[in-house]
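A.B. asks: Residue numbers (the numbering used here), protein chains in the order written: chain A, 1 to 515; chain B, 1001 to 1544; chain C, 2001 to 2631; chain D, 3001 to 3099.
In case anyone wonders, no lab produced these hints; they're calculated from the structure. Hints may contain errors.
[Unchecked claim] Quick look at which bits of chain A chain C covers, simulated, 3 or more residues with Cβ under 8 angstroms:
1) 183 to 190
2) 193 to 204
3) 229 to 237
4) 250 to 256
5) 310 to 318
[Stated by the list, open to error] Across the chosen pairs, the derived CB separations fall in these ranges:
6) G1368(B) <-> D2365(C): 31 to 39 angstroms
7) T2545(C) <-> G1368(B): 35 to 43 angstroms
8) E1198(B) <-> V54(A): 34 to 42 angstroms
For each residue, glycine too, the CB sits at the ideal point set by N, CA and C.
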Amino acid sequence: MIEAPALSLAALAPLLCVFGAACVGVLVEAFAPRDVRHPVQVAIALVGTLGGLVTSLLLVGERQVTAGGALAVDGAAVFLQATIAGLGALSLLLFAERSLDPARSAFVAAAAVPAGSPRDRELMTAPRVQTEVYPLATFAIGGMMLFVAANDLLVMFVALEVLSLPLYLISGMARRRRLLSQEAAVKYFLLGAFASAFFLYGLALVYGATGSIRLSAIREASAGEAGGGVLLVLGLALLVVGLMFKASVAPFHAWTPDVYQGAPTPVTAFMAACTKVAAFGAILRLLYVAFGTSEWTWRPLVYGIAIVSMVVGAVLGLTQTDLKRMLAYSSIAHAGFLLTGVLGYGGGADGTGSGLGATMFYLLAYGLTTIGAFAVLTLVRDGDGEATHLSTWAGLGRRSPLTAAVMALFLLALAGIPLTSGFTGKFAVFRAAIDDGAWPLVLVALLASAVAAFFYLRVIVLMYFSEPAADGPTVGVPGLPTTLVLAVTVTATVVLGVVPGAVLDLAEQAAIFVG
Amino acid sequence: MTTFPWLLTMIAVPAVGAAAVAALPRGRESLARQLALGVSLLVLLLAVLATIAFDAGGERFQLTTSVSWIPDFGVDFALGVDGIALVMLLLIGVLVPVVVVASWREEATGRRSMRAFWAWLLLLESMMVGVFAATDVFLFYVFFEAMLVPMYFLIGSFGGPRRQYAAVKFFLYSLVGGLVMLAAVIGLYVVSANELGEGTFAFDALRQIEIDPGVQKLLFLGFFVAFAIKAPLVPFHTWLPDSGAEAPIGGAVLLVGVLDKVGTFGFIRYCLPLFPDASRDLAPYVLVLAVAGVLYAALLAMGQSDMKRLVSYTSIAHFGFIALGIFAFTTEATTGAVLYMVNHGIATGLLFLVVGMLIARGGSRLVGDYGGVAAQAPLLAGVFLIAGLASLALPGTNSFVSEFLVLIGSFPTRPVATVLATVGIVLAALYVLLVYQRTMHGPARGVLLEPAPETTAPATGGGGATAATATLEAPAAAPARLRVRDLSRRELAVAAPMVALIIALGVYPQPLIALIEPAVAATMSDVGADPAGVSPEAPVEGTD
Amino acid sequence: METVPADGLIAASWLLIALPLAGAAVLLLGGRRTDRWGHLLGTGTVVAAFVLGLLCTLQLGGRRVDVDLFTFVSTGSLDVQAGLLFDPLSAVFVLLITGVGALIHVYSIGYMAHDPRRRRFFAYLNLFVAAMLLLVLGDNFVALYVGWEGVGLASYLLIAFWHERPSAATAAKKAFIMNRVGDVGLALAIFLMFAQLGTVSYDGVFGAVGTLAGGTVTAIGLLLLLGACGKSGQFPLQAWLPDAMEGPTPVSALIHAATMVTAGVYLIARCAPIYDETPTARAVVLAVGAITLMIGAIAGCAQDDIKKVLAYSTVSQIGYMFLAVGLGPVGYVAGLAHLLTHGFFKAGLFLGAGSVMHAMGDSVDMRRFGGLASRMKVTFVTFGLGYLALIGFPFLSGFYTKDAIIEAAFDRGDGWGYLLGGVAILAAGLTAFYMTRLMLMTFFGRPRWEPGVHPHESPTVMTAPMVLLAVGSVLAGFLLVVAFPLESWLTPVFGEPEEAEHVVAPLVVSVLVTVVMALGVLTAWLFVGRREVPVTAPVRVSPVTRAARRALYADAVNESLFMRPGQWLTRALVFVDNRGVDGAVNGLAATLGGSSSRLGRTQTGFVRSYALSMLGGAVVVAGALLAVTAG
Amino acid sequence: MSLTHYLVLAAILFTIGAVGVLVRRNAIVVFMCVELMLNSVNLTLVTFARANGTVDGQVMAFFVMVVAAAEVVVGLAIIMSIYRTRRSASVDDANLLKY
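Produce the complete structure using the sequences and hints provided.
C.D. replies: So, in structure tokens, the structure goes:
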């Protein structure tokens, strides 16, 4: 009789909630009539993610390894799961927006219909929507939540695929500019699969080196002289590649601008916020838990990659003319900033650095801001849908002061201006890094922030200081979902900038890995 | 000591005012400006009351308020002022209402609403108060950076033709400086954590820490670069002429009058006390920049054809004097430097305002587009002259006292730098009088000329003693006349208080000095200089 | 000598400054409302100040009274009290300033009667008087400096009074700037005193100056001299003074002849305790005085502008005074006496010139004058008396005071003494020449008037001051040297006069000077009086004349040495700032932008190249990790 | 043959797959190359399982297969949809998004 592995259902509740909702969504897709599917799907997805959020909040303080050692439900996992669930719910709200586009949704009516075909044109303005996006997104959210709690590499790999595969699909489901959307999907898919292969090979090598894929076992094995041997180090390298890809860290960032630009904007928001959180959650867990004892092996690497990422993101962002692409480069630069936080692993007064808490706070702050920024992008439209070309935003401040003000706030937050969440986050990660002696890196980071600030400013300049074009875009009146998203993100951006104490505290207290 | 939170109120009042102005419905422009004026006058009143509540001989920091803000970072929302900060608050209190009145009829560029202008202005005031009142380094940094935003919008939305370029340049320069400072701020925190066991940003606690000299130098540089960009020292200065030229007049006044003073204020408040060894070691290099600024910027000012750029360059020269005074490490010079900060705000503020009045009449910023204005607008010319004379530090004007103190205080410790800087006073006379002569003196010419020559004989004459003279001197054709009106009542209301302050502080500066000196003396003892001031080299016998 | 606290009227001596200052303030702030009576108020304040000054002087006796007013600046060890020092020296100056000032104010009522800006003229004049009084009454160097620059401002405002004329505006600016150059010296001297002695009050500095090293004292003395040169139009800063004649003539009389330009002499006399310690600085003062008196005299010989002649004459006469005070204790009183008499006759001469200009339609070109003696009798007589006083006609005032200076120079006894004395005598001859030339060209000969000019005598309000000044010109020398010796009045300041050992007998000097003077007059008559004066200046003249016309190329030197290089430097620096400093920043931005678009090209859109970059990245990552672990 | 040979073979397969991704244009072929990489990993896992004497590696291989199958489904769907629009499965044709 084989004993069932120890399984704490309570600790798994957030995951169960989200995956359950996803499964129900699939069933709904199969059985519910087409007319009611949309509201039902939205409701189920929201209930699932919000359930995930609530249950994970209830788990605060939980520290255990469960599911036969496959999952670690610890402070960091819970914090990140809650973050992902919350950001996921916000993204889903963006998915659900139906009043902005005359075509009624950002998502295609029938993905199977070839783009540009007569049938496609016919369906262009149909109220029908490919409602599978909701269960798909819910699955992705579930995968992400699993990703950050994975305590062995296999679970991590499975979670990686669970979060990725739905993303590949929904990236290709834009209603307008379908060619771009599909291209984004193909690129994302091929490169994603390529990266997973690296991750997987890394897994295999680690397994070969240590005989186990349990993080704690790897930790013991890597504590040795040479970091556990060539195989283990190679394995680490390949694992890092796979994860950095997801986190869109340069030089594994190439897909990011293309996919961010091509995917439907709500999906881009979802990817920018949630995927980033999940990927960094996994990076932190892998580096801190599995390779924490051999920090010296990966520290120079992360140092270098952080610099490359910040510089590439900041410099390439300078000349972008498409807002979504620009935000993609911004996301690459932010990945670099996050890595400076990752470097704050140790070196604090009591031997443990403040890097984990700082990075988690940064993820939350950045996720909220970036979702908000993409949400604003969905509002500004012209005849072809969203007007994402920079030039079309000229004079928006005069045309629609509120929209421009909200966007300006998000941009200032991304630039890291004090009294916004972006500043608090930057301050936290930089402090962690300097604490650990990485002040040259921080200097580079600060200079990169200055360069990056230029392109954020450029948007503000356009919005406020330029004359509006005669045939400029219109600003749609957002429906309830988008309004809600904007309200939440604006509030969060300001609150986390002005009175971040409570959340910082939370992140600090959650900065615990078990396993 | 009072329990009323003066400083918090001074931050909150304009912030709330800004929100109220911004919330006004479209079309209530005049209500907006009335509100702005009311709020700014209220702040002035608060500043005056706070000064009364302040005890010059008492504790270093007074009127303190402290609330824990971000405990994880050891950050407190701690406010408090010493004499130095207090006089800056007074300066803010005076300048903002003046700027409001000066901008009363400012036309928004394009179709932008002026409500935004008033709102940004008040928000800027709030931030400026905060930056001077903060006694927590983190809080200071927050205000330091946040202050950029309203000024950025003031320049970018309401500025001249190249406002976009200027606004972005302003923001990026300041941001780069600010970010370098951020690194130093964090570094300071880390150092404090290592020294005290628990990180802190409280100024008073940080002052006590002995920092390793090497680290001190790095941290000093971090702060210094930010401040040297803000109070532009050569070669970090090129943003100021652009910003000063493109900003709306009100914005320019506050920019050079107050905002840039944060840099020099930062030297005194942060660089010197926190990093005394580094300050002493690096002072010679700073002095080179300071003196270079005095001379270089003065020469450049002469070469400018744009009046607003010219005034900006004069400011750079003045900042050189201030930096000289600060890094001479004598009580006299540093007191002079602080006084200079106030006086420069008033003098250059008035210069900007009056240049703005001229530009408002002619629509051109170029010196060469004006000429002979004094003949028909004597009040305008007079105010221009007074502002100019204050700028060249003529005795009897406020700037003289400060410039004199800076130089006389610097001479004993830094004779060479002082001698070079003193040459700057000749250059100052040159740039002021050159522009004054070109615009105000000489025959009427330029953009203000009446379009069609009129045949009516000029009664004013060209300067003769008799009527016969006048006819003799008058050229055959009717001389050109300008179509220019003299200062309006509103403009007089702008200029009068400034002129009054220029004269009053020029004749009787001692009350301000008494307010400033204790804080300066404290700073001097922080940096290891004798707070009692210069001691003469030769023995003094038989003096009173 | 001991300083005593103020009592009686002297305690109110701050009113001396306050009265004209208040007058200026009322006139400037009052605007057009004060147009009708502004000139009366302006004159009234100065007259009142004169009366007050006279009463104070009578009360003074030989004392040295300090009037403490308020703390001006006190920080660290620097303590500057706003206070007045009323002693015989300042009393003399107070009387000169307010006395001559009052007369010139009265004169200006008539002279400026038709000028629409007369009110402002009086305001500026009042401002000047106030600043000048502060200059001579201050009891410390800072107060002196404040007054020093204050008179500079008044001078600027008054030279540029007719600012529509570009030449006037330029002259005013030039005056201010060159004064500022001198002011730098004065300022540095004050800094040096503070650094060395820790005080800037007269008492403090003079009391302790003996403790200083010789080099320091010399430095202070030279720096003070620089200041004095700027204000007094002495070499090398003399070029502004002739240009300053662009101002209305009363201004030239008051500021640029009688009072302000003699401030340098006052400064050196006041700082006698310093100069007593430093023979080197005194020698430089001597040299400056000698050079300047020659430059002024030579340049004066070739001018056709009546005011310019007088201006160069002023330059030259102040050179005499510098020469005198440079001689040290023996010369102070002589210099000050000449200063006072010069104040009378030069003011009178300027007022006379103003009267002539008034009559000639503001023309200053002597070549278009001539034969005015009969048309303007009062002017002619008063001017003539001033002329005689200036050239040192026996027993008029210049005779007494100039001779004293020349005697004192000879009394040095060494070769330098003879040289200086010789120069002074030569210059006396030149003075006689150019002044006679002026007289001849203006009042004698055939009229060469511009068409439409009808000379007439000036109104009484103008002639009365001229008469008074003429009386002064005649009597002042006798009064100051013989009747009520200035020497004894100033004894409390400069100490007991020592009985000079005359190297050359005074009588010999007097005779010599008088003979040379007569020669000068004769030469002038030979060159100018006998022939017809051409209405345009001859072009083909000797290089000497050409040089004299251009004031020995002082302006040319200034231009080529300072102005042009300065302009060039300015232009170069503007270029450097725009292209260099700002260009570096903009270049950095452009570089970033350029590398951005170049790097952006790597984002080709091809999946396979992306995959390649990832693979490359993976190799690098793996290589790096292996390198770290292996190394 | 020692286990090392298997590992080397797997590595070679992985490399072939990776190079295939880089050089082939047809999306399907590219995708198959990725599948080849995954299968080389499977081989590695099984080899290591053998070496370690546990079955964990074999179990993992099954996991990988399942995941790969899922990936095929998703991947083919995406490639199909773009093929139907563009009438081309060349990855180089999908080149609208760049710079």
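A.B. asks: Hint by hint, note whether the structure agrees.
C.D. replies: Verification of the supplied hints:
1. 183 to 190: holds (count 3)
2. 193 to 204: Since 3 is at least three, the answer is holds.
3. 229 to 237: holds (count 5)
4. 250 to 256: holds (count 4)
5. 310 to 318: This one holds; 5 residues, not fewer than the three required, reach chain C with a Cβ under 8 angstroms.
6. G1368(B) <-> D2365(C): 31 to 39 angstroms: Given range 31 to 39 angstroms: holds, Cβ gap about 32 angstroms.
7. T2545(C) <-> G1368(B): 35 to 43 angstroms: holds, 39 angstroms
8. E1198(B) <-> V54(A): 34 to 42 angstroms: holds, 35 angstroms
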